[in-house]
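Construct the entire structure; sequences and hints are all you get.
Number of protein chains: 2
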Amino acid sequence: MRHPRLLVLAIAAALASSATADPALESRFDAQIDPAEMGGWMKTMAAEPNHVGSPHNKTNAELTLKQFREWGWDAKIETFEVLYPTPLEIGLELLGDSPFKATLTERPVPGDETSSRTAGELPAYVAFQGDGDVTAPLVYLNYGMPDDYKALERMGVDVKGKIVIARYGQGWRGLKPQLAQEHGAVGCIIYSDPRDDGYAVNGTYPDGPARPEQGFQRGSVAMMPTFPGDPLTPGVAATASAKRLPREKAPTILKIPVLPISYGDAKHFLAALGGHVTPPEWQGGLGITYRVGGSEDARAHLKVKSEWSLKTIHNVVATLKGAEHPDQWVLRGNHRDGWVFGASDPLSGHIVMMAEAKAIGALAKTGWKPARTLVYLSWDAEEPMLLGSTEWAEQHAKELQQKAVAYVNTDGNGRGFLEVAGSHSLQSFVRAVARDVKDPQTGVSVDERARAAALVSADPSPRARQLAKAAAEGKDLPLDPLGSGSDFSSFVHHLGIASLNVSFGGEGESGGVYHSAYDTWEHHSRFVDPGFAYAGALAKTTGRMVLRLADEDLPVMRYTPVADTVAEYVDELQKLADTKREAQQQQAKAIAAGAYRLADDPTLSRGEPTPLKPVPYFSFAPLQNALQRLKTSAAAYDAALAAKGAALPASTRAELVALAARNEQTLLQEPGLPGGRGWYLNMLYAPGRLTGYGAKTLPGVREAIEDERWADVETYTALSARALEMYARGLEEGVRVMGR
Amino acid sequence: MRHPRLLVLAIAAALASSATADPALESRFDAQIDPAEMGGWMKTMAAEPNHVGSPHNKTNAELTLKQFREWGWDAKIETFEVLYPTPLEIGLELLGDSPFKATLTERPVPGDETSSRTAGELPAYVAFQGDGDVTAPLVYLNYGMPDDYKALERMGVDVKGKIVIARYGQGWRGLKPQLAQEHGAVGCIIYSDPRDDGYAVNGTYPDGPARPEQGFQRGSVAMMPTFPGDPLTPGVAATASAKRLPREKAPTILKIPVLPISYGDAKHFLAALGGHVTPPEWQGGLGITYRVGGSEDARAHLKVKSEWSLKTIHNVVATLKGAEHPDQWVLRGNHRDGWVFGASDPLSGHIVMMAEAKAIGALAKTGWKPARTLVYLSWDAEEPMLLGSTEWAEQHAKELQQKAVAYVNTDGNGRGFLEVAGSHSLQSFVRAVARDVKDPQTGVSVDERARAAALVSADPSPRARQLAKAAAEGKDLPLDPLGSGSDFSSFVHHLGIASLNVSFGGEGESGGVYHSAYDTWEHHSRFVDPGFAYAGALAKTTGRMVLRLADEDLPVMRYTPVADTVAEYVDELQKLADTKREAQQQQAKAIAAGAYRLADDPTLSRGEPTPLKPVPYFSFAPLQNALQRLKTSAAAYDAALAAKGAALPASTRAELVALAARNEQTLLQEPGLPGGRGWYLNMLYAPGRLTGYGAKTLPGVREAIEDERWADVETYTALSARALEMYARGLEEGVRVMGR
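Chains as they are written, first to last, in my numbering: chain L, 45 to 784; chain R, 45 to 784.
The hints are simulated quantities; they were obtained by calculation from the structure and are not laboratory data. Note that the coordinates shown come from a computational prediction; the quantities given were computed from them, not determined experimentally. The reader is advised that the hints may include incorrect statements.
Simulated pairs of lysine to aspartate or glutamate, EDC-like, Cα-Cα distance not exceeding 20 Å [claimed, not checked]:
#	chain 1	residue 1	chain 2	residue 2
1	R	365	R	597
2	R	482	L	645
3	L	633	R	597
4	L	513	R	622
5	L	688	L	597
6	R	633	L	752
7	L	657	L	597
8	R	633	L	517
9	R	355	R	165
10	R	482	R	78
11	R	624	R	612
12	L	513	R	626
13	L	688	L	595
14	R	299	R	226
15	L	633	R	517
16	L	194	R	612
17	L	482	R	645
18	R	194	L	503
19	R	482	L	644
20	L	482	R	644
From chain R, some residues computed to sit far from chain L (all C-beta separations above 10 Å) [what the hints assert, rightly or not]:
#	residue
21	187
22	327
23	350
Ideal placement from N, C-alpha and C gives every residue a C-beta, glycine not left out.
Structure, rendered in structure tokens:
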């Protein structure tokens, strides 16, 4: 049990963490935030297709550069030469009695003038799939996730030599073709089902915000869980002179062709399928009986050919030098490239970053200077696979690990409730900021509004229950761990820099036009964030984060939340192993008793399930011991900082900030994650091998249990424990420094 | 804790309960069961519409009478004069810009010759609604259940003066218009949504077994939870001379007009609705965005007028006199009336009863006679509201309570797994029978197959988990409690006669044609029970039940399962009160904190929820004390019967059987359930006020908690405890009799 007196001090410390904010400065900052101006920037930047390599993306980079300079920043463009494929030929047709050629284009919709500017727009396409021209029977596979393959196997159907058609959802886009490829499929079609993303969600655009029947979702299918960034230069920057892998050997590029299609197109293919009627949970919203297919009756012809040359990408890097600690950097980024017009994704976040830069520039012109150096980053080529941020982080890795205090990321922004994922050492800092920003719709703080939503949520998921409990008990809302899907990944997972990803969401709708040609200024300003009120609220939130990270002379990190969070994760690992062990034991008994065979409907010719692997007992003792040390050191650190921090000499305070920043790097442990995923060095957070954007915590251990790599459970228990021991040692060092 | 030695004896007793079955007799019985002949009976009886009052229903009664007589039974027809409305005029149209007139008819389908015999067939109609001719805006209300009204209220919409359109499912048909009427609606439309009952379930008829777009579900909407049977003669038989209520005062007849429609018709009405997009869980499978409606834009005109004269119904009652105990009766029933052709419902069960009667008749012709009297009952008018069985049970109430040993019911039968609901005193008897019947598809016993399915089921519901646990531990599969929806109701709920309802199901599909014109011999023999194999298996199951109930000279009842089951129910009541109390406390805190208001999307103009009523603490002590006595007496009874039963003199054994039969009547307590539901006298089982077919156990207490009638919690805790004390006293009396 934690020491009661230390606990009280720790709470006091958490509450005190906003004490050194400068309300007058922040008011002056707020006064500069102009939602109307932000909307204007979006309208300009989203006026033409702005995907990687498009002329308008370049124009936007130059505009950003020019603006930053005007606002008083030292700005430049940094380029990299990355592999980035573009479509040469695409085609998809249904063969047989009712042949159909997929349209693969998104026609303009009335009332959305932007959607009519189709010149130069990318068609239905996903980046980093394989070239191919295949004709084969189609198999419908629900969401195309691992459990779907198990269900398919029990129906006696496989995907070998076939083209898989799977719906978007329940797992990251790229996993669907990757799993299909691993199972021997020759091609993959991914479509947006109207039950998940169309008329069953809301009225369809332009009548409502939801995906219209011709809308499809572009994206990247590079194998993100292996590593992000340029597929040819893993771990190093894609400079002109970098040593590159041959494309055929690049491990993150798929071999099979893949196309994303609309539900208007998909309906023709799915209606043609025969064979087994699917399990009920596989039925989507298309108004047909979904069947598995797999026979020669319904064959498709899929063709994709890409142009594979290197392309130049353009990051805009803007700096405002710190007056007191120029070698302590506060990083702030948002990407700039879209898939088509990119209004919600990414410009709704990019305009927030711009508004902050303008406001901070204005403050700087009046005499105030940040104590630490601010580095604002307008990333290119996030969409194809975090290319801009990854190459930049790899290029500047050493300097960043020496100087960066934290990285604050935004991406698309919505309306509603503050949603923050990030390093748990920043959890109490986030709350302190959130208490000081007013929600535009209700007038209470964005912290209070998020807590209200958590409190009354009827969502039964464990995460929602965790939030509800925290809200009911008046504790900080726990941060979500960082998975992937935006530019924070290199900073937190590869460099060990404390990171945050911040947005508003939960009201309004941007999902229905995600990665489509209807993600326009018109859609965003009508359905997502009318009046750009939440763009303003986000600028006031992330702006405050930047100002406080820049100016507070003591660390903003608090460690009791880290210890509490890790304690939950360790507990989850034990439950995971126990649950898996029980499931295997129950299945073994049921198989031995012939229960699956007896329970099967013999007319559906299903077989017994594949036997699960027996689960041994694991020793989590190294992790438990490390956790114990972390709990003690975290409580001691937070208490010492609260008690003594303010009285410390300036040099000690600066030393503590540097120490806290670098301490996050103790979470990195060579050789990183196994299975070719060594780029992911962080032992506490990673994107899941089979979840993609979704995080896995204590990933080395958790995924070893999930994937039944028993030797890795031991190896990564030791490595993760080592990371936590080193992390705790850093806190003990901090306590010593404060006691000097 | 239960006494360990008694526990062992009780288990031995349970296992011994089939010891006195006569395997040779049962083999000879089995040899008479001929699935092909059963299929032939169905084909004949389902050849024409056979709803109440139709010529073919009368023909079927006469056929049944003739067959029973041929098979050696003493058979007769008993008639009653019941209120039974038939449609004079029905009509439904959508007004406005895209007017549409609902078709309200089911066209014949290719390959199903029966479906072309439409002469005399009932159109879209539900029995016991009100006459009416109304024009009003439409409101879509999901399943039309209480929670749906709460959600609607938060959207700022009400149904007062409107016509409600709700989908079938999640609650009994009749509750939807009843709740609509209580909330001030002027009419109600119920439709089958394809997500629950149509193409999203399976291929549609005739390609597959699921409901085609023109198929609709007829049924009764009389207020069954108040009382079943003739609405004009509650509690007494509807003989020609019975005193009758005026129709306007009959409490089970609705006031508002109601029509059931197909999804082909419903689509036009739902597509016309404007207003709020519904919550996601309200979206069905129609390929449209479901909206709530409620405005003048989408108005409907609904008209229903019925002919309300009394009609004659015909029960066939067949008796085979007991050789040893003619005044101990074993009752066996199945209804005969359908909604159209009635192949699956009810004839698939009726042919089972016929096969048993023929086989038993054949046995009787060879010299064997049942020890007790068998009474076989072919009920008329079950569909409109259990009219045939209820009036007969009311007519013969006194004699039945003196003589009946048990009632065994069947209704529609399917394919797959043995499913039994019933009085828990018969639980170990059911298992003993199920062990001796072979599953047609796998060759193991129907007990073993049901256990295999329970063991491997992935269904997370509490009931499925309870079954899985019992299967894993090798215990008897717990019986489901009896709710309503078939002819057992009068026997178990009103007369206190131990009852069972038995069927096979879980494979094949009859749901898709339920109460439609496609419930035909063609559909049943193709999709539900090809070869009538499970008709045969059911006859062997229920036939064994009848033979053993007739011939076993000791009681087949065992009481440890009753005590275990009641213990679970008492535990559930406590949890229910606690959960409800916590929910209120949490809601009150959230309201006080303004959390609902703050969490609301202000653009959707929702309000705060209606405050829940605070839940006091209740004393369940009377129930707990009664339960304790029941546990002790049940263990003692089962142990004594196992130890001494076989050695008792014949007269004592007969006395024990009579005592056990009558002991079930101790569960009946005047004044029965509150709120005008006094016909339901059983304090252990009842159909739920708001669940209909679904049972409520310890209903007086459970529903008092659910409905927030706190005084009734106390009253019915006392009444239920009294029932259990009397039940236990009966077991103590049995132990004394055995000890004489």
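The hints, checked one at a time:
Between the alpha carbons of residue 365 of chain R and residue 597 of chain R the distance comes to roughly 16 Å, so the proposed pair stays at or under 20 Å and holds. A C-alpha spacing of about 16 Å is found between residue 482 of chain R and residue 645 of chain L, which places the hinted pair at or below 20 Å, so the restraint holds. Distance check on the hinted pair: residue 633 of chain L and residue 597 of chain R sit about 39 Å apart at the alpha-carbon level, beyond 20 Å; violated. For the suggested pair residue 513 of chain L and residue 622 of chain R, the alpha carbons sit about 18 Å apart, so the restraint of at most 20 Å is met.
Taking the CA atoms of residue 688 of chain L and residue 597 of chain L, the gap is near 13 Å; set against the 20 Å cutoff, the hint holds. Between residue 633 of chain R and residue 752 of chain L the CA atoms are separated by roughly 45 Å; this puts the pair beyond 20 Å, and the hint is violated. A C-alpha spacing of about 53 Å is found between residue 657 of chain L and residue 597 of chain L, which places the hinted pair above 20 Å, so the restraint is violated. Taken as a hint, the residue 633 of chain R and residue 517 of chain L pair is honoured in the structure, with Cα atoms around 11 Å apart against an allowance of 20 Å.
This hinted pair checks out: residue 355 of chain R and residue 165 of chain R have alpha carbons roughly 17 Å apart, not beyond 20 Å. Taken as a hint, the residue 482 of chain R and residue 78 of chain R pair is honoured in the structure, with Cα atoms around 15 Å apart against an allowance of 20 Å. The straight-line distance between the Cα atoms of residue 624 of chain R and residue 612 of chain R is roughly 18 Å, inside the 20 Å bound, and the hint therefore holds. As the CA atoms of residue 513 of chain L and residue 626 of chain R are separated by approximately 14 Å, the hinted pair is consistent with the 20 Å bound.
A distance of roughly 19 Å separates the Cα atoms of residue 688 of chain L and residue 595 of chain L; the hinted pair therefore holds under the 20 Å criterion. Among the hinted pairs, residue 299 of chain R with residue 226 of chain R is consistent with the structure: their alpha-carbon atoms are about 10 Å apart, no more than 20 Å. For the given pair, residue 633 of chain L sits about 11 Å from residue 517 of chain R by alpha-carbon distance, which is consistent with the 20 Å threshold. Note on residue 194 of chain L and residue 612 of chain R: the hinted pairing is violated, with a Cα-Cα distance of about 36 Å set against a maximum of 20 Å.
Taking the CA atoms of residue 482 of chain L and residue 645 of chain R, the gap is about 16 Å. The hint holds against a cut of 20 Å. A C-alpha spacing of about 17 Å is found between residue 194 of chain R and residue 503 of chain L, which places the hinted pair at or below 20 Å, so the restraint holds. Of the supplied pair hints, the one linking residue 482 of chain R and residue 644 of chain L holds, its CA atoms being roughly 16 Å apart against a limit of 20 Å. For a cut-off of 20 Å, the pair hint linking residue 482 of chain L to residue 644 of chain R stands: about 16 Å separates their Cα positions.
At roughly 17 Å, the least C-beta separation between residue 187 of chain R and chain L is larger than 10 Å, which holds for a residue marked as non-interface. The Cβ of residue 327 of chain R does not lie farther than 10 Å from every Cβ of chain L; its closest approach is about 4 Å, which violates its non-interface assignment. With a closest Cβ-Cβ approach of about 35 Å to chain L, residue 350 of chain R is found to remain outside the 10 Å limit, as its non-interface label requires.
Hints 3, 6, 7, 16 and 22, counting from the list given before, are not met by this structure.
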